[in-house]
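Asker: Protein chains in written order, with the UniProt record's numbering: chain A, 1 to 334; chain B, 1 to 334; chain C, 1 to 334; chain D, 1 to 334.
Hints in this document: simulated from the structure, not taken from any laboratory.
The C-beta atom is built at its ideal place from N, Cα and C for all residues, glycine as well.
Fair warning: there could be bad hints in the mix.
With the C-beta cut set under 10 angstroms, the calculated list includes, among others, these residues of chain D facing chain B [unchecked claim]: (1) A22; (2) L130; (3) A133; (4) D244; (5) A249; (6) N251; (7) I260.
One-letter residues, chain by chain:
4 protein chains.
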Amino acid sequence: MLKIGLLGAGRIGQVHAVNIVAHPQSELVAVSDKFDEPAEKLAQMHGATVRSSEDIIADPAIDAVLIATPTDTHADLLEAATAAGKAVLCEKPVDLDLKRALDCLARCEPHGKPIMVGFNRRFDPNFAHLKAAFDQGEIGKGELLSITSFDPAPPPVSYVKVSGGIFRDMAIHDFDMACWMYGALPDKVTAIGSSIVDPEIGKAGDFDTAVTTLEFSGGRIAVIKNSRRAAYGYDQRIEFLGSDGLLAAHNVLENTIEKITAHGATKAKPEHFFLERYAKAYQIEWNSFIEGVQGASPLPVTLKDGINALVVAEAAALSAREGRSVDIAKEILR
Amino acid sequence: MLKIGLLGAGRIGQVHAVNIVAHPQSELVAVSDKFDEPAEKLAQMHGATVRSSEDIIADPAIDAVLIATPTDTHADLLEAATAAGKAVLCEKPVDLDLKRALDCLARCEPHGKPIMVGFNRRFDPNFAHLKAAFDQGEIGKGELLSITSFDPAPPPVSYVKVSGGIFRDMAIHDFDMACWMYGALPDKVTAIGSSIVDPEIGKAGDFDTAVTTLEFSGGRIAVIKNSRRAAYGYDQRIEFLGSDGLLAAHNVLENTIEKITAHGATKAKPEHFFLERYAKAYQIEWNSFIEGVQGASPLPVTLKDGINALVVAEAAALSAREGRSVDIAKEILR
Amino acid sequence: MLKIGLLGAGRIGQVHAVNIVAHPQSELVAVSDKFDEPAEKLAQMHGATVRSSEDIIADPAIDAVLIATPTDTHADLLEAATAAGKAVLCEKPVDLDLKRALDCLARCEPHGKPIMVGFNRRFDPNFAHLKAAFDQGEIGKGELLSITSFDPAPPPVSYVKVSGGIFRDMAIHDFDMACWMYGALPDKVTAIGSSIVDPEIGKAGDFDTAVTTLEFSGGRIAVIKNSRRAAYGYDQRIEFLGSDGLLAAHNVLENTIEKITAHGATKAKPEHFFLERYAKAYQIEWNSFIEGVQGASPLPVTLKDGINALVVAEAAALSAREGRSVDIAKEILR
Amino acid sequence: MLKIGLLGAGRIGQVHAVNIVAHPQSELVAVSDKFDEPAEKLAQMHGATVRSSEDIIADPAIDAVLIATPTDTHADLLEAATAAGKAVLCEKPVDLDLKRALDCLARCEPHGKPIMVGFNRRFDPNFAHLKAAFDQGEIGKGELLSITSFDPAPPPVSYVKVSGGIFRDMAIHDFDMACWMYGALPDKVTAIGSSIVDPEIGKAGDFDTAVTTLEFSGGRIAVIKNSRRAAYGYDQRIEFLGSDGLLAAHNVLENTIEKITAHGATKAKPEHFFLERYAKAYQIEWNSFIEGVQGASPLPVTLKDGINALVVAEAAALSAREGRSVDIAKEILR
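Start from the sequences and build out the full structure, keeping to the hints where you can.
Answerer: The structure is reproduced here in structure tokens:
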């Protein structure tokens with residue numbers, strides 16, 4: 001039984017808490033949050049205690065921490081936790097600043113502790129199934145990957161301002177998905193964006209709609225479409241064209257009901273947002289983390305993966321700003 | 001080039017006329033109808049002449065006739081046309097009275113002329129594809145066939161009264177489909193019905209909603225669902241459960257558009273009624289008739305097939321009336 | 001917190017145990033089974049104790065029992081448990097013998113304890129959604145209900161012999177679904193069956209493939225198709241034709257992946273069997289039972305409902321045996 | 001009855017010939033081709049005569065010509081035909097060289113004759129339905145349009161070399177579709193490409209896989225995915241995200257059959273290539289041309305539209321070559 005400290009009792013921390021508690025080999029012993037109320041509520045619900053992050057990290061009885069705090073604290077907590085000998089599951093992104101993230105990697109690695117970054121979508125059973133089918137050669141060589149990733153509604157502009165922008169905040173999941181599918185970092189990134197959904201987002205210097213193309217070695221391409229608003233909910237799809245065919249992961253719908261009337265045939269919408277759509281993915285993510293920490297299988301998402309996605313995001317932001325393709329090796333990793 | 005006489009210039013006669021004219025090996029030379037106006041209009045449109053049925057049948061220059069007149073004239077015209085040496089394509093049903101239909105068969109057969117009954121659905125590319133897949137063993141042994149067959153709206157009660165009833169008028173297509181799929185006549189027929197769509201139909205002694213089960217040798221079953229009303233249009237589907245799987249022919253939709261909004265994901269309705277849904281089937285039916293008459297391939301629907309469907313309809317009507325299963329060999333064909 | 005005794009530690013008992021334990025307001029305190037091993041294993045896994053059924057029923061500290069024992073013990077345990085003041089959730093069927101089930105109802109009712117029969121499918125979110133849409137009038141008046149209910153593979157003949165037959169054992173779920181949808185018991189039942197899947201099932205006096213039609217007041221019809229074998233898994237669908245349209249509950253597929261190659265476009269099969277397909281339904285069923293026992297809402301499935309389904313099954317078996325429609329009021333409930 | 005001269009008796013000329021002949025208000029009187037055999041075969045099949053292009057254009061009895069010759073002859077023939085007072089339907093593209101195309105426009109316009117460019121996809125009933133739904137505001141303001149356009153197999157490299165490249169030859173259809181949907185020419189074009197399908201295509205200086213993003217005024221975006229190879233056939237889809245939802249035009253499948261076995265649920269592939277997929281579109285296109293020439297409705301695709309698509313193609317080719325976004329007003333139309 002692994003004893004777990006949860007840093008961060010917000011929305012995503014609450015999702016993880018349920019899975020930590022439900023897992024037969026993990027136990028939630030401590031919760032921290034900068035606000036007392038959510039921490040206490042969560043601790044009480046699951047029989048844990050409220051403690052400071054420092055205290056949790058320093059406690060030798062705690063085996064692993066889950067970092068679900070605001071982004072700007074991730075790198076510091078990662079470094080402290082690994083230094084203290086903890087296994088860590090850290091929510092994405094590692095940091096909004098690539099340099100800081102690279103430093104974090106350099107400081108954490110020597111401790112040799114298991115670190116996993118929370119790219120939850122890799123654990124979605126549908127996407128995992130698509131990836132497995134691709135790896136088994138079911139569509140031959142991968143040529144053109146398409147990812148559709150729309151949120152139901154834009155976040156408040158106040159959030160946009162501190163989010164790092166659509167590429168680092170939202171598309172980063174899709175960049176990880178593309179790198180994972182191809183098993184590589186792209187060579188070039190080309191992005192465009194606009195703020196057609198909410199002009200205030202544009203005034204804040206960000207986009208709400210964007211298209212990014214990634215060029216991988218050998219002529220392999222990925223294209224990622226992002227929008228901060230799909231009136232019908234959360235649109236999360238993948239299509240992968242290969243030399244022998246196409247694999248598609250369609251949306252998960254709210255139910256299987258179809259109604260046919262004089263007005264047409266109506267089915268349900270996609271699951272509304274990530275809490276619904278990825279509920280099972282979060283469970284599987286936690287299972288994978290536990291298995292990885294126990295050495296039963298390698299950790300499926302590394303800190304390096306987290307940084308790679310950030311590298312692509314950095315390149316995309318630069319590309320969209322300057323209206324040209326960005327060479328990752330020469331301009332981002334130089 | 002086969003010279004064709006068309007008997008009957010109503011809705012279905014008009015459909016056939018277009019296909020006769022469009023076929024490179026058939027020519028519409030004469031049209032008859034008990035009403036002058038539609039006959040003249042149709043003849044004029046396609047460069048044919050209006051003549052009486054007797055005259056058309058007697059003309060040695062005419063190779064084949066297509067009987068699209070009211071049902072109660074089918075048997076007489078069939079007999080006259082085959083006696084006169086014509087090949088015949090006759091709309092279903094042969095006659096509402098089984099005994100009359102059997103007499104017709106007995107009188108027509110000796111002439112040895114090609115006769116085909118217009119079970120258009122056999123020529124629907126989807127149903128034909130399903131049948132071919134089944135015959136190729138793609139689902140193993142056939143066990144349970146389900147046919148959904150709903151019209152968009154009930155006919156006027158005046159028509160219902162002379163229609164022969166839902167089993168002889170509407171379900172007869174589905175009975176033919178079931179016999180065709182299994183390549184056999186059923187042993188037993190069990191039917192129930194109600195007049196929930198329009199009580200006036202019930203007062204006229206008919207049903208508007210019915211379910212018929214057919215038991216074929218070896219325990220093979222078919223179930224046919226009929227309704228005179230589907231608010232969304234013409235519902236024409238087949239599902240065939242076999243030992244190795246299931247084959248389904250879904251409806252043909254009006255288009256491929258899907259609209260997804262906060263209210264759900266809406267697709268098009270099925271094609272509205274038989275003229276739209278079976279437009280292609282009627283073309284292929286005519287091609288098959290021409291090929292059969294020219295000896296290029298056997299006629300795919302025989303007069304015997306037309307009578308078999310009527311036998312099932314007779315049994316279904318008796319079953320529904322008496323609330324019990326009807327044995328075809330003992331009670332209908334005795 | 002309700003203290004629960006679980007009678008029966010077999011496959012379905014194990015499913016319930018997990019949900020009892022996971023529910024915040026129920027606690028699994030005791031397990032009984034005629035075999036020691038499964039009872040001990042289950043009790044240990046969930047921190048409960050193994051006791052005899054009698055002991056559990058007699059224990060005043062236990063609030064409710066869940067009866068998941070072999071069918072022939074259901075009625076006795078129901079009577080004993082309600083007499084001892086327990087709330088009861090009893091797996092279907094109440095008894096294979098209708099008279100015995102009616103006696104049970106007569107004996108249990110006076111105790112006034114909450115009794116719910118485990119028709120899990122009512123709690124399937126898709127079917128529940130369909131029912132709600134129907135009740136809200138989305139397709140107008142219900143006219144023709146169709147239920148497809150196929151198992152992935154036939155049970156062993158040894159089971160078939162004690163099962164009560166396909167109508168009491170398997171179709172009973174669908175009969176409950178039909179009664180629930182229409183909110184009524186049918187007037188007439190007409191069924192046919194065959195043993196085409198496995199002739200040994202026929203030799204044992206049962207069918208493996210059956211079609212049952214139910215006639216409800218006002219001309220409303222339901223048709224139920226059952227097969228003990230669908231090579232592709234568990235096929236559980238409903239279609240409801242109403243005056244204004246059609247509602248369909250499609251199968252739940254294993255995933256959302258589609259692969260398109262030169263051989264066609266392939267999607268996943270339906271969830272394999274009831275444990276997968278109805279996992280969520282069992283959870284919701286348990287929630288509903290707890291809410292009902294606590295008085296928060298009425299119990300959604302009563303003992304009377306369980307008996308009604310049995311009445312239909314009795315009529316179906318008689319109908320299939322005698323090749324005629326069976327009048328429920330005159331022949332079954334007389 | 002309009003008398004039509006058909007210039008070009010190749011594959012696409014043959015498609016048009018059938019529609020010209022079938023239309024009640026057009027008559028195919030003359031055919032030209034640089035090769036005698038196809039011209040004679042086509043003329044004979046449809047009762048037309050073989051003549052030279054010059055002769056056809058000079059004949060005052062001919063009302064309209066359809067230009068289906070090789071691309072490098074389009075502009076000259078357009079100019080000659082309009083100068084001779086003919087209405088013209090010209091296959092795309094107007095010319096591979098934008099300057100030449102602009103000159104052609106300048107020379108043709110003064111004659112005031114109806115000219116239509118053959119962007120057949122606008123007449124596909126599905127895309128037309130999507131466009132109409134969009135124009136009626138069914139998804140609100142258009143924000144992100146996605147076009148998937150894959151051919152079943154790459155053309156021979158010999159063709160690639162004279163094709164003008166993937167943007168002018170293949171994507172031009174999609175560029176027209178995007179301009180038509182938004183009712184505008186984009187401001188900026190950004191494209192990338194690779195030759196992963198066939199490296200020989202790369203050696204010939206072209207791409208076989210490409211992604212183009214178009215930026216329209218107000219932040220509206222279109223993204224176009226092209227591949228010269230989809231192992232499953234012709235993939236032609238559109239998705240349009242708007243402020244209120246999404247409209248999608250799915251592929252047209254070969255049939256409606258679904259087969260479900262232990263290996264999954266398989267449906268048909270898309271229609272194989274443009275002759276099958278767009279058969280109906282070519283008919284409707286011809287109808288629209290006839291209506292336009294007769295003044296019944298404006299011509300739905302103008303010569304200007306043909307040039308606009310070429311402008312976008314020019315920009316895309318430049319963008320892909322230089323790895324940067326291209327400003328249409330400043331760089332292409334300067």
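Asker: Regarding the hint that A133 of chain D lies at the interface with chain B, is the smallest CB-CB distance below 10 angstroms?
Answerer: holds, 7 angstroms
Asker: Checking hints one by one. Is D244 of chain D an interface residue toward chain B, by the C-beta closer than 10 angstroms rule?
Answerer: Holds - the Cβ of D244 of chain D comes within 10 angstroms of chain B, reaching about 6 angstroms at its closest.
Asker: Given A22 of chain D as an interface hint, is the shortest Cβ-Cβ distance to chain B below 10 angstroms?
Answerer: At about 8 angstroms, which falls below the 10 angstroms cut-off, the nearest Cβ of chain B leaves the hint on A22 of chain D intact, so it holds.
Asker: Is the shortest C-beta separation between I260 of chain D and chain B less than 10 angstroms?
Answerer: holds, 5 angstroms
Asker: Identify whether the interface hint at N251 of chain D stands, where standing means a beta carbon of chain B within less than 10 angstroms of its own.
Answerer: Result: holds, 7 angstroms to nearest chain B Cβ.
Asker: Answer holds if the nearest beta-carbon of chain B is closer than 10 angstroms to that of L130 of chain D; otherwise answer violated.
Answerer: holds, 5 angstroms
Asker: Does the nearest C-beta of chain B fall within a distance shorter than 10 angstroms of the C-beta of A249 of chain D?
Answerer: Hint on A249 of chain D: holds, closest Cβ of chain B at ~6 angstroms, below 10 angstroms.
In the structure shown, no violation is registered for any of the earlier numbered hints.
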